[in-house]
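S.K.: Since the structure of chain A is already known, use the hints to place chain B on it.
Heads up: the sequence lines are chains A and B, in that order.
Its first residue numbered 64, the first sequence is counted upward by one per residue in my numbering.
Its first residue numbered 64, the second sequence is counted upward by one per residue in my numbering.
Don't take each hint at face value.
So, partial list: chain A residues that the calculated Cβ filter (under 8 Å) puts toward chain B [said to hold, decoys possible]:
| hint | residue |
| --- | --- |
| 1 | Asp237 |
| 2 | Pro261 |
| 3 | Gln510 |
| 4 | Asn724 |
| 5 | Met770 |
| 6 | Pro772 |
The set of hints was computed from the structure by calculation and includes no laboratory data.
Note that the structure is a prediction, hence the values are computed from the model and not measured.
Where is the CB? At the ideal position from N, CA and C, for every residue including glycine.
Number of protein chains: 2
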Amino acid sequence: MKFRKVLFVLVCLLTYSLQAEDGYRLWLRHDLIQNKAIRNAYALAISKVNCQVKDTIASTAVKELTGGLSKMLGKTIGLGKVNSIAGNINLYLTTESVANLLSKKGFKPIQNEGYVIFSDKNQIHIVAKDSKGLLYGAYHFLRIIQQEKDIKKLNIQENPHLQLRMLNHWDNLDRTVERGYAGFSIWNWHELPDFLDPRYVEYARANASIGINATALTNVNANQLIFRADYIEKAAALANILRPYGIKVYLTARFSSPKELGGLPTADPNDPAVKKWWEEKVKEIYKAIPDFGGFLVKANSEGQPGPQEYGRTHADGANVLADALAPFGGNVIWRAFVYSNEEPVDRAKQAYNEFVPLDGQFRKNVMVQVKNGPVDFQPREPIHPLFGALPKTPIMMEFQITKEYLGQGTHTVGLSNLFEEVLKTDTYAKGKGSLVAKVIDGTLDGQTLTGMAGVSNIGTARNWTGNLFGQADWYAFGKLAWNPYANSDDIFEEWSNLTFGTSKKVQSVVTNILDKSHEYCVQYMTPLGLHHIMAANHHYGPGPWVSNMSRADWTSVYYHKADEKGVGFDRTESGTNALEQYYPGLANQYRNKDSIDLKFLLWFHHVAWDHKLKTGKTLWDELCYQYQEGVDGINKLADQWQSLKGQIDEERFNQVTMHFNIQKKEAKWWRDSGLAYFQTFSKMEIPKDLPKLDHDLNYYKNINHPMSPGIRPRW
Amino acid sequence: MKFRKVLFVLVCLLTYSLQAEDGYRLWLRHDLIQNKAIRNAYALAISKVNCQVKDTIASTAVKELTGGLSKMLGKTIGLGKVNSIAGNINLYLTTESVANLLSKKGFKPIQNEGYVIFSDKNQIHIVAKDSKGLLYGAYHFLRIIQQEKDIKKLNIQENPHLQLRMLNHWDNLDRTVERGYAGFSIWNWHELPDFLDPRYVEYARANASIGINATALTNVNANQLIFRADYIEKAAALANILRPYGIKVYLTARFSSPKELGGLPTADPNDPAVKKWWEEKVKEIYKAIPDFGGFLVKANSEGQPGPQEYGRTHADGANVLADALAPFGGNVIWRAFVYSNEEPVDRAKQAYNEFVPLDGQFRKNVMVQVKNGPVDFQPREPIHPLFGALPKTPIMMEFQITKEYLGQGTHTVGLSNLFEEVLKTDTYAKGKGSLVAKVIDGTLDGQTLTGMAGVSNIGTARNWTGNLFGQADWYAFGKLAWNPYANSDDIFEEWSNLTFGTSKKVQSVVTNILDKSHEYCVQYMTPLGLHHIMAANHHYGPGPWVSNMSRADWTSVYYHKADEKGVGFDRTESGTNALEQYYPGLANQYRNKDSIDLKFLLWFHHVAWDHKLKTGKTLWDELCYQYQEGVDGINKLADQWQSLKGQIDEERFNQVTMHFNIQKKEAKWWRDSGLAYFQTFSKMEIPKDLPKLDHDLNYYKNINHPMSPGIRPRW
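Next comes chain A alone, as it looks inside the complex:
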């Protein structure tokens, strides 16, 4: 066949295959670099990958480098043998002499999982203390190439700030996902361990590439079946796939498993038979998964069993598991998201009240996992008061990447700003500068066990996250778990480059969407510190009128407390005084309704409808304008996306466009229904320069969506 013909044929096939721009490849696209000059320069500079470390994780690093570089440079990058050849990329572990050399070059000591990348003469060096560091360095280097950055003077050092960087899958064993909006669970438990979906490997790659090193495979509303021998074997099959990518498997432990699975009469943590059962079970798990990470536990919360049923504390409960895991190096991650069966005056106060007295009573291998805010993953919350309040306990951050309360699968809302806002909030626990980031990276209280968990937004959707921009949230979580001091702007830019290519125009729109969308979402959903006013149960759409639930703190009226006088939850001294759970430096920022940042106003204060705010507007008018800004903002972002038509492949362009169309409608739905509802209390007019409401309150109250996604487990 002639060249021209071969060429034509290949172009045809290529066109065909490239149609499938469905988002499956995430930020790991590794497409051929289109800029010829840059590609040629890279091709000249890079020839071989040379790695003398031979374990499975190092082999992954080599495979990723040779594979990714070959694709991007359009030439085969093979394996090199000797360090001194030009064009080599050398991967190796530090020794004393290497450390000295690096020190002279101005690098700090390399920590576990950290790495250094530097150019030297005609070679590139990726140095680490362990194979995981080499793997992370390899992915970092691939990102540099993918973004077409200069590699002549590389001088990069990265050490992770947190030890455990972990996804929490709220995935049930029947493949439904609680609060899952991207289809169903990627874990096909039924066909494991024999059928291994290639997607498992892609999952491992994606996570490793952003530094995630642990995953809890199962829902915190846990099922004891996971501890049955056949399920342990299934989990082990996944662990075998994740291991070469440096990812450890955790499982959620249902506290009553010794009864339900073990047939014991009790699950009392102080009962010797119960202790024994956990010890034996842990042994069995480690036999199948030698590097098993440990247990994630939700106990005495929302109906989950726990130690309090036996008059024991959370510490008692955590410690029995911790003792079983300790000989194998496993950890217990014990969630602080607990609330008692009795309805509290203020649910926001409860975790603090329960856990502060326990500080110091947990075993060394127990971490307490605290949600970012005191209620429940709202569009915006003040930080959880437990940050800084448990100096003797390792605290793990729990963020929710899946957007249960932020538009679920269809709204394009960048979460990185939310994460960053939390991490950079000053707890004042040890005076000014006691950032949440310092609590969780252990520097504030000298903790050595550190971590961050993100509730996964991944599902069977071909593009993993349903909404394409959900990929950016997953990405940002990984980046911030590695470095909780990172800036969202940098993360946005990097994700945009890796996902959509290096066009400046595209980058500017994509990063603007990621930067602005969270604030707009807060505005059209829960402006001015409103919270938990979503529809009941599935939390899809507005439901400020929700008042009739089995417990008061599941209703909306409990949280907004609207009445004829005003709206907002008084958490100051005149109210529940939840404010006092914060250190004074922070509490003082919130105490006064006239000086508090408006974004937290109604979280802490009940404010009269006609109260004049510092903006010069009455509360009611401000509420109206805030809602409208959110709606207008999302419309603006959607328009900006339209300006990219033709600059992004059609399939992904259309995906995002269709989701923006839903979001525009729903933003208006949120605004109109919220104002229609609150207007029944304020009796005030919507400012004349703002659009009227389309319907009356009854119309909005009658909307219902019984089939909304995010399914509760079968039992």
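M.R.: Leaving out everything else, chain B in the frame of chain A:
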């Protein structure tokens, strides 16, 4: 860029993209033809597609032809204008003069949706009576090219034997699928109508390409929500996507919808308000979906509401819907799978008893949909006695493509032989030759409304069907719905060619697997006419010991009736006499336990363990050998598949290999547990030349799989 370089780069990209041999493309691969001589010959013979019909379906035909041919031939096949140019493919509708011409060429009259393809001088003609016929002809022609067959003397005529060729999705509105083993529902109702998954188009293509022209989107265990205005809009969005591919949308109608959605006090079909409600609802649906197909209804069956609650008959129930649909040309498909709340002596008799008296009472636009057998989609059943017994009623066949009772998602079992066995069974309704195929194609009783439904095996699995070979069942269903006289061997060969290419070695293994696997499955699950001995509820795995259910006819012991004397359900005169529901010509084949085909023995007879069969073996020994043959057979097929290593892309090869590994284990599980159980009655030894059982009966009884897939609706 130099040619060599461009070439290299393209090869690189291509290699990358071709790695994704994940089965998503089904039988519509349209890869470049590798055989140069054949490709060149095609390229010489084909230049343009010329179609003067301008509607959307004809446009689809043109798009499929130009797209598919361009890819396969490696040259652009564009649009032609004039009929007389060499290399044209001409698509046109018959006129009187065309009909005369075709008649002279020996073709029979073209029927609705039928087509003729013939070569004439240097052109190819695809002629039809309507645009759908052109579309089906186009797909047929593409299959010829894809299989690299000669196109010089094309002389093809196809008229569909059945009018309605329909998939039934048992998909719930929350995306779970009852009896779904390929992930979850491809219909993302929550994000419809705004978000349109590209998979919807691929679904339409795949179905149209095998002649399927209707789809019931929702589960027969129906939810009235589908009739709410917003859900009608969602269904309309899907109808809009399916319409250009000639596929009509049907919905399942919950009989109590007038109460639940309409707020009426009753759903009595004779109540004027109820009639009115259905009329209005149908009007509303047709406004959104002008070519809406009609309703599929499961009533008074397994807890579904129905007319009998009001003392009305199935005919009364069907007719109220039919009257509402008639002005718009819609149909009611009323399922005969009914059984009363009182437990019958023999469930196999019930549908016949209920429906025979109603023959002639249904409106003209009602079809009664009858499952292939009288119990419930077992690995093998005799035909349903209703075939031939309702001469005044259009009968629609219902097959189950999803393998609820045949190994579900993991067993490789070709269903075409099962379908064919049923269709070619002689009912003797009007004497010898009264095949089931003749009942359902209308020729036996002069019916003009004809059809076949298949319960879909499609889900979110990337390869659509979970088990790759499930694609063959979908394919075979389409082919047999078009022509119920077709031979499975031809279907297997065609599917193999289209799916794995034209290698003879591959074809011989693939067709052998499809041909043999069903019989082996019957043998390792339910040999000798045993039936319904699966585990309870989810039906995954063996459960011959199931005896404690809320109704007797859901248990296994009800169906196998094993005792110390023997095993089997006496359905002869000495038993329930279900036999007499068949016409004598067929009943006589089953009446005698010594002459009956052994495959139906225990369906109709209770046989003593030590009874000597015509094989010369006792019943017990025969049972043992049958079970073993099934196990051995599957192992043989799995080995044959291994012989294809390297001849099929790695990804699909591994998919099938992994599933065979599961099936081999489970076949043994079926055999061992079945024999362990029945041995407690027979008290006889397993023949010494057969393997011993691995475990005792208790071991097998204690196996449970509460998380088996195939989820019941939430409500």
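S.K.: Determine for every hint whether it applies to the structure shown.
M.R.: Tested hints:
1. Asp237: Result: holds, 5 Å to nearest chain B Cβ.
2. Pro261: This hint holds: A:Pro261 lies near chain B, its Cβ roughly 7 Å from the closest one there, short of 8 Å.
3. Gln510: Violated: closest Cβ of chain B sits about 38 Å from A:Gln510, beyond 8 Å.
4. Asn724: holds (5 Å)
5. Met770: Result: holds, 4 Å to nearest chain B Cβ.
6. Pro772: holds (5 Å)
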